[in-house]
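Protein chains in written order, with my numbering: chain E, 1 to 113; chain G, 114 to 229.
Nothing false has been slipped in among the hints.
Derived Cβ-Cβ restraints for the label pairs, each shown as a range:
# : chain 1 : residue 1 : chain 2 : residue 2 : range
1 : E       : 61        : G       : 221       : 15 to 25 Å
2 : E       : 57        : G       : 139       : 14 to 24 Å
3 : G       : 229       : E       : 10        : 27 to 37 Å
4 : G       : 116       : E       : 84        : 20 to 30 Å
5 : G       : 187       : E       : 71        : 35 to 45 Å
6 : E       : 80        : G       : 130       : 48 to 58 Å
7 : G       : 124       : E       : 71        : 40 to 50 Å
8 : E       : 54        : G       : 229       : 47 to 57 Å
9 : G       : 228       : E       : 7         : 33 to 43 Å
Rather than coming from a laboratory, the hints here were simulated on the basis of the structure. Just so it is clear, CB atoms sit at the ideal spot from N, CA and C, and this is done for glycine as well.
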Amino acid sequence: KAGVTQTPRYLIKTRGQQVTLSCSPISGHRSVSWYQQTPGQGLQFLFEYFSETQRNKGNFPGRFSGRQFSNSRSEMNVSTLELGDSALYLCASTQGAFGTEAFFGQGTRLTVV
Amino acid sequence: AQTVTQSQPEMSVQEAETVTLSCTYDTSESDYYLFWYKQPPSRQMILVIRQEAYKQQNATENRFSVNFQKAAKSFSLKISDSQLGDAAMYFCAYRSASGTASKLTFGTGTRLQVTL
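Next comes chain G alone, as it looks inside the complex (with noise of 0.2 Å):
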């Protein structure tokens, strides 16, 4: 089974900064998708960013971009000029591309806060 690992349970950045999110996880797939959702005390999840396992170049949007590193099974999320909106629960989950399931492994979550 996969398991997803956040190990930072908060997280504190100055606006405008810049702050990194950790994720690692553990799995003996070779193909798979790994995410990035922010919840935000609305509760909806909210898709930040996605990376296809099968591609070796970071994905990126806008102010956030990951650190896709396969072999040490480390995907972290990089929130650049961080604005007070990005206040949030931030949850790394996993999904195997085997298969048609949807299943999503998460994380246990890093709250975020921005502050002045």
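Okay, chain E solo, but in the shape it has when bound (with noise of 0.2 Å):
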């Protein structure tokens, strides 16, 4: 069974840019979530998405957003981008709505210059 599949692994954009991170999850797990992983600020919660819709969001500007298609896969988009934004991005799939155990994957490693 694949695993959680991150796409691409790394990406270096500019100031002001956007960027559109994609996140194939494991056969059958129906939720998404997305992490962003900063040496300052740790592992934080950006979203989740479960059926194609969001159930949970977490604390980022609303230059963070995202979406779940019918076949599971997510994307995470973040526009104009700044410095700050530089980071690794995780994403995790849980099955079903009650699952426990999110797999992840080994991340978008996202620099901006």
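Could you fit the two chains together into a complex? Lean on the hints.
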């Protein structure tokens, strides 16, 4: 069974640009969550999608958005990039609405210059 | 809001020895899940062990075990017979059992070094 796949693995963007990151969950998993990991702030929850609906959102500005498709694949978008958005973005998938174990992808390393 | 605290930024252990990583949390909920995740240099978060709050028995997974003290809101991880491959960042995480959301709240992590 394939794990959680995140693409791309690395990205370099310029301030002011926008970026889209992709996450394919484990087959059969319907919940996808996104986390931002930085040395200063640690791991912070961005948002969670289940069956194409956002059911939880962290404390991030509106520049951060996401969506989930009917095949459970999810994308997150960051517009008007700032230097502080440089981080490792992790995606996790969970089986079903009450799944307790989250499986993580290897992350996308975003560098904003 | 729930918080998770890991007070040991770094720990070191000799190969084959035992080490305990500490974690405390704060919550007003009675039903929840606690996890320890390992993040090696590859960056992928790997679940080490899970504990359901309603279970009094401490979870065990091979060389990994927890000491779950619900009243004290403490959840420490013991690694026995440490191996070089155990070197990584370890994160303690909390998840509410109410509702359907899967949000995890993480601690700041403990970097574990394993020496020969």
